[in-house]
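Colleague: Residue numbers (the working numbering), protein chains in the order written: chain G, 105 to 217; chain Z, 62 to 177.
A portion of the hints provided could be inaccurate.
Said to hold, decoys possible - Which chain Z residues face chain G? A few, computed with CB under 10 Å, are given here:
| hint | residue |
| --- | --- |
| 1 | F126 |
| 2 | S127 |
| 3 | H167 |
Unchecked claim - Pairs of lysine-lysine, BS3-like flavour, derived with a Cα cap of 27 Å:
| hint | chain 1 | residue 1 | chain 2 | residue 2 |
| --- | --- | --- | --- | --- |
| 4 | Z | K118 | G | K204 |
| 5 | G | K204 | Z | K75 |
| 6 | G | K107 | Z | K118 |
Source of the hints: derived by calculation from the structure; they are not laboratory data. Since this is a predicted model, take the numbers as computed values, not measurements. From the three backbone atoms N, C-alpha and C, an ideal C-beta is built for every residue, glycine too.
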Amino acid sequence: AQKITQTQPGMFVQEKEAVTLDCTYDTSDQSYGLFWYKQPSSGEMIFLIYQGSYDEQNATEGRYSLNFQKARKSANLVISASQLGDSAMYFCAMRGGYQKVTFGIGTKLQVIP
Amino acid sequence: DTGVSQDPRHKITKRGQNVTFRCDPISEHNRLYWYRQTLGQGPEFLTYFQNEAQLEKSRLLSDRFSAERPKGSFSTLEIQRTEQGDSAMYLCASSPPGVAPHSPLHFGNGTRLTVT
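Go ahead and model the full structure; you've got the sequences and the hints to work with.
Modeller: As structure tokens, this is what we get:
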């Protein structure tokens with residue numbers, strides 16, 4: 105079974121500052137993928153970034169980076185230079201093999217001008 | 062690439078009625094997923110198709126729920142005898158063929174169901 109834990113129900117960040125959203129996971133699979141999604145108030149789920157379990161380098165996509173610590177089973181999302189449009193729910197998710205993707209309960213990020 | 066399309070966007074129904082939702086995945090995607098999301102929660106897995114085969118169903122999916130993907134293209138999710146607890150956002154997602162677990166899911170905008 106797979107499990108995703110997000111322990112920060114809500115986070116605030118000042119505009120232009122960086123913020124880290126925490127995610128820990130549990131799985132017995134050797135090969136798995138970790139994902140972060142953004143869900144604005146409009147409701148759509150937007151894929152942000154992916155990290156494979158065998159990737160040695162942390163994934164980066166523009167202002168998003170994933171701080172992957174395999175031994176700790178953590179996959180934190182770092183957003184640099186926060187913008188007002190980053191205010192949204194953020195979900196960490198994982199997938200092993202061809203299985204379903206399992207999501208955490210999310211973190212609500214609010215960017216303060 | 063027109064994205065994942067879901068219809069309708071909103072559905073209000075009375076308790077006890079049947080409802081059906083449709084999902085059109087991205088055309089070259091062979092895997093299709095249904096999720097349910099309630100307020101303040103992450104998406105919960107309901108069921109998954111690879112082409113026309115339904116490969117996995119969640120225990121959350123009671124006998125009142127049924128999903129089909131008859132020709133491996135669009136999918137329908139039917140809820141019979143709706144209950145107020147069925148009120149939620151129903152999300153459809155698809156992913157391309159290729160090596161999982163690397164393929165992200167691409168989501169539609171969802172169907173918001175309200176049962177009165």
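Colleague: So which hints don't hold here, by number, going up?
Modeller: 1, 2 and 5
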